[in-house]
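**Student:** All letters in the sequence shown, in the order written, are residues 266 to 378 by this note's numbering.
Each hint should be verified, as a subset may be incorrect.
To be verified - Here are the simulated DSS-like cross-link-like pairs (lysine-lysine), alpha carbons at most 25 Å apart as the crow flies:
1. LYS273 to LYS305
2. LYS273 to LYS300
3. LYS273 to LYS295
4. LYS313 to LYS273
5. LYS300 to LYS313
6. LYS295 to LYS305
7. LYS321 to LYS349
These aren't lab readings, by the way, just hints derived from the structure by calculation. Model, not experiment: these values are computed from the prediction.
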Amino acid sequence: RDTGSWIKSIRSWSSMNRRLTMCNITGLPKGVGNKDEELKSFFLDQIKRIHSFVRKFPSHRLVTVAIDSPNAGGTLQDAFGIDKRCWGHYNKRVSVKRHRNGTLDRPSVGVSV
């Protein structure tokens with residue numbers, strides 16, 4: 266996901282950026298994260314930390330997914346074997362509003378036994 270989209274999402278999803286500034290997260294100490302440049306640095310450094318971890322522990326498998334891609338479900342299905350129809354974008358802004366009003370209908374996946 267591109268950094269700008271992530272920052273926009275963090276800023277618009279229930280004041281997530283404000284909540285992040287109250288935490289002490291590796292790479293984002295308490296009080297940091299109000300500025301876009303701080304969030305961008307955290308985002309990019311977090312990717313580096315994850316890649317470094319996977320290099321250090323090669324038994325772990327890194328699955329990289331472009332979550333805004335129309336093929337994201339297929340990528341996740343290939344990686345984890347869970348039907349691609351289970352993966353979707355359920356927290357779109359309009360859905361969040363409907364959820365708060367108690368009217369959110371999410372598709373369900375049935376399993377035959």
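**Student:** State for each hint whether it applies.
**Tutor:** Consistency of the hints with the structure:
Of the supplied pair hints, the one linking LYS273 and LYS305 holds, its CA atoms being roughly 11 Å apart against a limit of 25 Å. A distance of roughly 12 Å separates the Cα atoms of LYS273 and LYS300; the hinted pair therefore holds under the 25 Å criterion. Of the pairs offered as hints, the one joining LYS273 and LYS295 holds, with about 20 Å between alpha carbons and a cut-off of 25 Å not exceeded. At most 25 Å may separate the alpha-carbon atoms for a hinted pair to count; LYS313 and LYS273 meet this at roughly 21 Å.
Between LYS300 and LYS313 the alpha-carbon distance is near 20 Å, which keeps this suggested pair within the 25 Å criterion. Taking the CA atoms of LYS295 and LYS305, the gap is near 16 Å; set against the 25 Å cutoff, the hint holds. About 30 Å separates the Cα atoms of LYS321 and LYS349, which puts this hinted pair outside 25 Å; it is violated.
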